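J.: Sequence:
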Amino acid sequence: MRTQSEMVTLPGGQVFVQRWQPASASGDVCPIVLLHESLGSVGQWHDLPAQLAQATGREVLAYDRLGFGQSSPRSDAPSLQFIEHEAQQHFPALMAALGLERYALLGHSVGAVMALHIAAAHPAPCQAVLSLSAQAYVQPRTLEGIRAAQRFFADPQQWARLQKWHGPRMDWVFRAWTEVWLHPAFADWSLDSVLPQVRCPVLAIHGRHDEYGSPDFARRIAAGVADGQVLLLDCAHHPHRQQAAQVLAAAQDFLRSPVVAQPLA
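The opening position of the sequence shown corresponds to residue -14 in our numbering, with each subsequent residue numbered one higher.
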């Protein structure tokens, strides 16, 4: 397994990118790009990128969104349109800078929501979406989970454990999550208008015990796209950690399907 990392300059700052390329990687299939959750970063994927690269034979890329992890910090106020901004501005700029013309996406939580927005906005390059624990709309359970997280991270020890991934960016990262999702103007947010525009195959994986939303999220996503499947697992919000073997097997099968595994033109 060969790994490399780089800083990519985009409008707004520098973005940290890491790549995993297995020895068996084929140049005929597109890479998988990972999109992290609201408190996530490249490092918080842990072993998943290498395991995914090995299981699928595809190059895997992960990046820290601006303001997160090792990317440039941000000081602007968190935006209620942050999902659309990532899909329409930051992500396409990053793909252009990296020279990627086609890709499959794997996102976790809001990263999966962003992946679906990207697939809708950029249907030609997006070959497939693996959605892990995506939100489809705002449930009471979503808000309850965020408020519970606020109480949990009020403990200085828990805050310090998370801060090691983001350093001085941590306060902005946390506010960008909690202030947006708990904002009254965000209460009516949903994926309903976006899903019909997603033309590529989608595998929506969701934990039956997800503390941020029910399995109805995955069912709504799969029903709303042109080609959707649902996989429910006995876990909470992090299926790639809590049911790693099942997630890897599902990803491998999904990306091998004839519709997804087309060679690059």
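Bear in mind the hints are in silico, worked out from the structure with no lab data behind them. In this text, all values refer to a predicted model and were calculated from it rather than measured experimentally. Ideal placement from N, C-alpha and C gives every residue a C-beta, glycine not left out. Any given hint could turn out to be false.
What the hints assert, rightly or not - Each pair of labels, with its calculated beta carbon distance range:
hint, residue 1, residue 2, range
1, Ala133, Ala109, 38 to 44 Å
2, Pro200, Leu167, 21 to 27 Å
3, Gly84, Gly(-2), 16 to 22 Å
4, Glu196, Asp156, 19 to 25 Å
5, Asp13, Gln135, 44 to 50 Å
6, Ser60, Ala208, 38 to 44 Å
7, Trp144, Arg87, 18 to 24 Å
8, Arg146, Gln73, 32 to 38 Å
J.: If a hint holds in the structure, say so; if it doesn't, say that too.
T.: Results for each hint:
no. : hint                          : verdict
1   : Ala133 <-> Ala109: 38 to 44 Å : holds (41 Å)
2   : Pro200 <-> Leu167: 21 to 27 Å : holds (23 Å)
3   : Gly84 <-> Gly(-2): 16 to 22 Å : holds (20 Å)
4   : Glu196 <-> Asp156: 19 to 25 Å : holds (23 Å)
5   : Asp13 <-> Gln135: 44 to 50 Å  : holds (47 Å)
6   : Ser60 <-> Ala208: 38 to 44 Å  : holds (40 Å)
7   : Trp144 <-> Arg87: 18 to 24 Å  : violated (40 Å)
8   : Arg146 <-> Gln73: 32 to 38 Å  : holds (33 Å)
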